[in-house]
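Enquirer: As a plain string of letters, each chain reads:
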Amino acid sequence: METLDSLWLGFSVALRPDVLWYAFIGCLVGTLVGMLPGIGPLAGISILLPLTFGLDATKAIVMLAGIYYGSQYGGSTTSILLRIPGEAASVMTCIDGNAMAKKGRAGAALCIAAVGSFVAGTFGVIMLTLVAPPIAAFALRFGPPEYTALLLMGLIFLAYMSTGSLVRILLMASFGLLLGTIGIDVMTGHFRYSFNIAELGDGIGIVPVAVGLFGLGEILSTPSRRVTGKVVRPRLRELWPSRAEWRSAGMPIARGSVLGFVIGIIPGSAHIISSFISYALEKRVSRTPEEFGKGAVAGVAGPESANNAASTGAFVPMLALGIPTGPVTAVLIAALLIHGVPPGPTLVNDHPNVFWGFVASMYVGNLMLLALNLPLVGLFVNILRIPYAFLYPLIIMFCVIGVYEVNNSIVDVWIMLIMGVLGYGLKKFGFDPAPLVLGLVIAPILEMSLRQSLIMSDGGWSIFVQRPIAAALLAVSAGLLVLSAIGYLSRRKDWRAKLAEAEAIKNP
Amino acid sequence: MVFAASGDLPFGSLSAPGAGMMPKLLAGLMMLFAALVVAGAAQSEALAGIDWSDRGHAALLVVITAAAVAAYRPLGFLIAMAVLVFALLVLVERRKLLVSAAYSVGLTLFAYWLFGKALRAPLERGLLWF
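Sequences listed follow chains A and B, in order.
Residues are numbered in my numbering as their position in the first sequence, beginning at 1, plus a constant of 2.
Residues are numbered in my numbering as their position in the second sequence, beginning at 1, plus a constant of 8.
Excised from the complex, chain A in its bound form (with noise of 0.2 Å):
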């Protein structure tokens, strides 16, 4: 009942006429976002953090968050349209979305995929205002000790659960933290690593790094001349599904839903993991295996849904601990904290207006996106025969004025041009730059934390197997560690193998 008060309170916030209009700006670029390639969620998010500096921090994290959901729709499109993903958690779509496509299903395949993921956008946020308050709740008991090793154990989550090498994900998530600790040592005063330039004594900036990184990084990695602008556009009497596709898509939708919402509150690129092993779930259970990679209709309702729930999902450790799932709800956090609003378990008490509002905002984003996606497919459509060459120059540009707005600063420019080369030189030597954003992110509480630990026990490392809480915690990280040196030894391939595979059809 209590939650229900609180939803109502929610909506009474989210259908202001000023917060819908920014859900819809935030819905729309996001859809913009999602579709173009060379531009994922983070840059675009990370792009117009500046934008929402005028606003309340409500209106800010709604139009950002609508970006981030907004983007898994977006997604599709290029997806089924040109079997190119606009972003990593559509690679699975390409498969049977665009063979769909080439049998003159091309709309129903974007139909199925829109009404997936608003079924599966749905059911994460009404899960998402059933766990986040009490999860709060709960991490209310955490101390400093908790707090380490729930930010140890996201960081070797993380590493256990992307596609690429352990030890390289937990080397580029060892020199974010590393970034993450220059600037003033707020216990001490002593500067850090500033080298007499006054903007470094306040730290590295969480914008300018993942603007270089994933914006400026992908232009640079990404000439015009392999950006292919030939595009179909659908109809729009073609949209609606046949009635023996909407029935192959039921269960596809539900199965997708549940499992993207469960991997999505694990840390790690959770959206791109769970459209992958949806897939595989749906093959394994389909009656017509055969099918798949011709033009299933499971293979895009499944992922679809799967990669929009788990974008909900990631809200749930952010939200109720304050804790990033990845880079893009890293960045949310950035820009709560911007506005003055630290997300964590007493967000829900202090600020019942920004989350709640927040939380409804996502009901009626969800079916602004459904309203958006469909009849205006062929509106969006025409944005991808905008030719590349003209599109990056603006992009570029706006990751400039984006990243100096922040604070008004040109060595945050400079920050995120050296972040740029970064990212190419990365991206080339098959280093994924996500730990290092979520590194940067939590440094400085980790710091803290694990400080304060060792202060609480005068220097005895035994406080974290003490406590309970953050023992279980710690637990679970060397189980993974465990896992991870298993699966090493024993060179066998498994599911983040398998993974790897799937996600070179973006990168070929």
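A hint or two may mislead.
What the hints assert, rightly or not - Selected chain A positions facing chain B (in silico; Cβ < 8 Å):
#	residue
1	Arg170
2	Leu173
3	Asp187
4	His192
5	Ile221
6	Phe392
7	Ile398
8	Asn410
9	Glu449
10	Leu456
11	Gly461
12	Ile488
13	Leu491
What the hints assert, rightly or not - No farther apart than 35 Å at their CA atoms in a straight line, the calculated lysine-lysine pairs in the DSBU-like style are these:
#	chain 1	residue 1	chain 2	residue 2
14	B	Lys32	A	Lys430
15	A	Lys296	A	Lys430
16	A	Lys105	A	Lys285
17	A	Lys285	A	Lys430
18	A	Lys429	B	Lys32
19	A	Lys429	A	Lys285
20	A	Lys285	A	Lys104
21	A	Lys429	B	Lys104
22	A	Lys430	B	Lys125
Just so you know, these hints were derived from the structure itself, not from any lab.
Bear in mind that the values here come from a model prediction, so they are computed numbers and not experimental data.
We treat Cβ as the ideally placed atom computed from N, Cα and C, and that holds for glycine.
Fit chain B to the supplied structure of chain A, relying on the hints for placement.
Expert: Below, chain B without anything else, positioned relative to chain A:
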């Protein structure tokens, strides 16, 4: 590098960790992980197999963007950004001069209106008076 740059930062003790403890621990961890990456190098793709065909494109983009960033404060938003877009279109994409000029000016004016007027974000004026 980290160890050299953190010479004056106190490591402290476990019961009273200093400002240098975390960076040095992390630098140590990085060295360990880097050594493990090197040890497992045989299973990775050969360096010679990496496709660098886009390096010219990337280098040109970096140089042009760096020049625009350097010119951003002295010249101001409108001039620096218009030149950035124009240079990218003409030097990297080999587009026609007139089309590039029209697109770069139009785009920059739109961004000026969006950020500077509609969103009231402070943009660098530089040489211009508005």
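Enquirer: Just to be careful, I want the Cα atoms of A/Lys429 and B/Lys32 compared with a cutoff of 35 Å; is the pair within it?
Expert: holds, 27 Å
Enquirer: Would the pair B/Lys32 and A/Lys430 pass a check requiring their Cα atoms to be no farther apart than 35 Å?
Expert: holds, 28 Å
Enquirer: Restraint: A/Leu456 near chain B, CB-CB cut 8 Å. Satisfied or not?
Expert: Status holds, d = 5 Å.
Enquirer: Holds or violated: A/Lys429 and B/Lys104, Cα atoms, limit 35 Å.
Expert: Roughly 32 Å between the alpha carbons, so the hint for A/Lys429 and B/Lys104 holds.
Enquirer: Just to be careful, I want the Cα atoms of A/Lys296 and A/Lys430 compared with a cutoff of 35 Å; is the pair within it?
Expert: Measuring from Cα to Cα gives roughly 32 Å; hence the hint holds.
Enquirer: Hint validation: A/Leu173 versus chain B, beta carbon distance must be below 8 Å. Holds or violated?
Expert: Holds, because the Cβ-Cβ distance from A/Leu173 to chain B comes to roughly 4 Å (cut-off 8 Å).
Enquirer: Using Cβ atoms only, decide whether A/Phe392 comes closer than 8 Å to chain B, and label the hint accordingly.
Expert: Holds - the Cβ of A/Phe392 comes within 8 Å of chain B, reaching about 6 Å at its closest.
Enquirer: Using 8 Å as the Cβ threshold, decide whether A/Ile398 counts as touching chain B.
Expert: This interface hint holds because 6 Å falls under the 8 Å limit.
Enquirer: Would the hint on A/Glu449 stand, with a C-beta cut-off of 8 Å toward chain B?
Expert: holds, 5 Å
Enquirer: Does A/Asp187 hold up as a contact with chain B if the rule is Cβ-Cβ below 8 Å?
Expert: Since the shortest Cβ distance to chain B is 4 Å, the answer is holds.
Enquirer: Using Cβ atoms only, decide whether A/His192 comes closer than 8 Å to chain B, and label the hint accordingly.
Expert: holds, 4 Å
Enquirer: Keeping to a limit of 35 Å between CA atoms, is the pair of A/Lys105 and A/Lys285 held or broken?
Expert: holds, 20 Å
Of the hints listed earlier, those the structure fails to meet are numbers 12, 13, 22, in rising order.
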